[in-house]
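Just so you know, the protein sequences line up as chains A and B, in that order.
Under this note's numbering, the first residue of the first sequence carries the number 3, and numbering increases by one thereafter.
Under this note's numbering, the first residue of the second sequence carries the number 153, and numbering increases by one thereafter.
Calculated directly from the structure, the hints in this document are not laboratory data.
For every residue, glycine included, the Cβ atom is placed at its ideal position computed from N, Cα and C.
Wrong hints could be hidden among the right ones.
Taking CB as the label site, the calculated pair distances span [what the hints assert, rightly or not]: (1) Pro-213/B <-> Asp-159/A: 38 to 44 Å; (2) Glu-75/A <-> Gly-339/B: 34 to 40 Å; (3) Val-298/B <-> Asp-159/A: 39 to 45 Å.
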Amino acid sequence: MNKSIFWRFLFIGIAVAAAVIFFLPNTPFFKSMPDWWQKNMPNKGIVLGLDLKGGLHLVFEVEADKAVESTVERYAFTIKEMLQKKKLQAEVKKNGLNIEITPTSQELMKALKEGYNNLDMSESGQTATLRLNDKERSFIKDNAANQALETIRNRIDQFGVAEPTIHRQGQNEIVVQLPGVKDPRRAIDLIGKTALLEFKIVNDDSPIAAQLPSSITLGDEEKILSQFADKVPADSQILFEKKVNKETGAVTKFPILVRKDAMLTGTLLTEAKVTLDSQFSTPYVSISFNPEGAKRFEEVTGANVKKRLAIVLDNTVYSAPVIQEKIGGGNAQITGSYGMEEAKDLSIVLKAGALPAPLKMLQNVTVGPSLGSDSIEAGKMAGLAGTIAVAIFMIFYYRLSGVIADFALILNIILLFGAMASMNATLSLPGIAGIILVIGMAVDSNVLMFERMRDELRAGKTPRSAVDSGYKKAFWTIFDSHITTLITAAVLFQFGTGPIKGFAVTLGLGVTINLYTALIGTKSVFDLINSRRDVKKLSI
Amino acid sequence: MLELVKNTKIDFMGKKYIAFVLSGIISIIGLFAIYQIAHGRANLGIDFAGGTSVQLKFEKPAKVHDVRKALEEGGIKDFDLQELTGENKILVRAKNIEIQLGKVSEQITSVISQKLPDNKFVVDSTTEIGPKVGGKLRADAGWAIVVSTIAILIYIAVRFKLNFAVGATVATFHDVTAVLAIFFLLGKEINLILVTALLTIAGYSLTDTVVVFDRIRENLRTRLKDPVDAVMNLSINEVLSRTIVTSFTVLLTSIALFFFGGEVLHDFSLAMIIGLLIGTYSSIFVASPIVLLWGGNKAFAKK
């Protein structure tokens, strides 16, 4: 054997061996490999995309403007408290993103400047106006997205999902990928819930409270709200409590008039866990406050004995028990009509904390596990059928040379899988289509070469020189035609979303490897045949 | 030596006007389709239009009629149903994008489980796309097509001459619009995966075009005295068998994908099959005649 041919075969052999080693983790044989192999050799292989493995792909938008708004609300609230403490008589009003305080006084302005120098301040006539500057606003927005990301991560950690992917995308979008989740709806609810827990005093003193209907049909909430819009006192709002009849499962809602200002929020929680009521064996969530929360809870309950305290989560009242006495110790219970699963999720969101701003779902692609495995089976079947059809055609049309082309085809497939495995590339359903198309394209280079060789043979050349000049002349045609496909693969990779990117990867890799197998693999086989003896006739 | 076509002497260039009329008509339909798509009047997939799709796999064969009735009674609006052959699967697509994402899919499954209690089902897949994402995906798809067309034009212009590049680009654009036209006329869904197929066709149909161009260039260098259209005819005839064989092998795998690849890849492989046929046709009947018309006979004489 000629030296250069030997080296080329050795090179091909090494490439195949490497491909096999990289792809091994995707085969059942990997489990029977010795421990040191599983630990130290490539052990990840090709990763299945969500469309094949099953799972959720969610994109949420953090409504960061709401975070800005609630920050303004919080400022207004603390300013009010400060004024009360300093015994300054002034009205604090939130107007859009401005906080307006009337009337002003020197003492008031001094207090504001001391406590709130991070806010832009202006004074005109009797009104002082405070507002967030642009830098502060964009900081709050950015912070909201980061905090939302952290919160979602916490919730999912506690929910228990293997290998979740959670990351920010652009300014205020969050992408969540959860492979293999069995109950997608529950997961979506868990992530999307703002989980803002508030304790609000029920305003039973107002005459309006008595006028509210005792229960309403579902879907009538808007109607009630607009009906009472003018009558509700300025410091109060109507919220609804949901009740589920245990026997019939029928859901009813009834309106409750509560004071707007939250006495206490979930930010002061340290613990939330599901507890089972020993008497009725219904689950409830017991919560514990940190020392500051415990103190406030004691103050609030002490000041409002015999009144009702509404426990509000995301503007829905869970329950509104009457405060019998001052409650110390910082423990409370959230009861309501919910089942075990809901109680568990409630405790998760309370523990992980509230989202700084509501989330809006932009995209949800959920694939069940059975569809994914069906797709893989279908892909295998189509790949096999395609390969066999192409292989048979090549032998039928090009005889022995067709066999050589088939050798290159198999080499191409092995190296493609090996390359994907070495990069831990993600295989998606369109990616499978890409592989199968590449199988059809793989023999193209050989076809172009073989046809060139035929031209040369017709022109009366010997087999050996026909092979050499056929290769030489076909080279640039093959190169050019591959580059154009590579260009579209690159564009698809750049502009495509997840599964389409997978297609671009398989197509691009396949075409590149094809150049290698055709120009080095097939040529080596021909050279080997020609080097053995003086070939009189080429089977082509 | 087994040959599909042997020593053909077909006058391809002489038939260029027939080809132009044919290709002109289909391209106009394709452009009309693009116009309609841009104005949201085509059967856009929910990845472009926004909306909800839920694929249900029933235990027993489910009648489309029953499911339709159940959904209508359940108050679901603006939906259509598609039966997926074989495995008792029904695809529900709803295009009401104003409603909060997540609500519609929930409604669909709860309505069907209430109204058709005897036939249990599992949700195979759920896709919900908000209007914002749909708009972004549409824009990205448009950019992908524009960028790849320009990139290909530049590459061919560098490797060949500008008139070849124009011929190749027109042929490629023709292939893409023709497939789109056929899909539009068939009422098939225009979605992301179709755009992927279109771009693949664009890249691949150039293979044939490049093969033909290479031979034309080569023959033009040696046959300086022959008229250009005769050289083109000769070249196309010479490479005819490889143009057909290269497309044929990819056609084989596309057909395999069409029959065995599963429902999601069905339309993708159909687009590939149509695209391959049209691409082969255009590299013979469209690309070269345009080079001839654009460059004129003199363009080659000096090389």
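Results of checking the hints against the structure:
1. Evaluation of the 38 to 44 Å hint for Pro-213/B and Asp-159/A yields a pass: the beta carbon distance comes to about 43 Å.
2. For the pair Glu-75/A and Gly-339/B, the supplied restraint of 34 to 40 Å is violated, since their beta-carbon distance comes to about 52 Å.
3. Separation of Val-298/B from Asp-159/A is about 43 Å and conforms to the stated range, judged on CB atoms against 39 to 45 Å.
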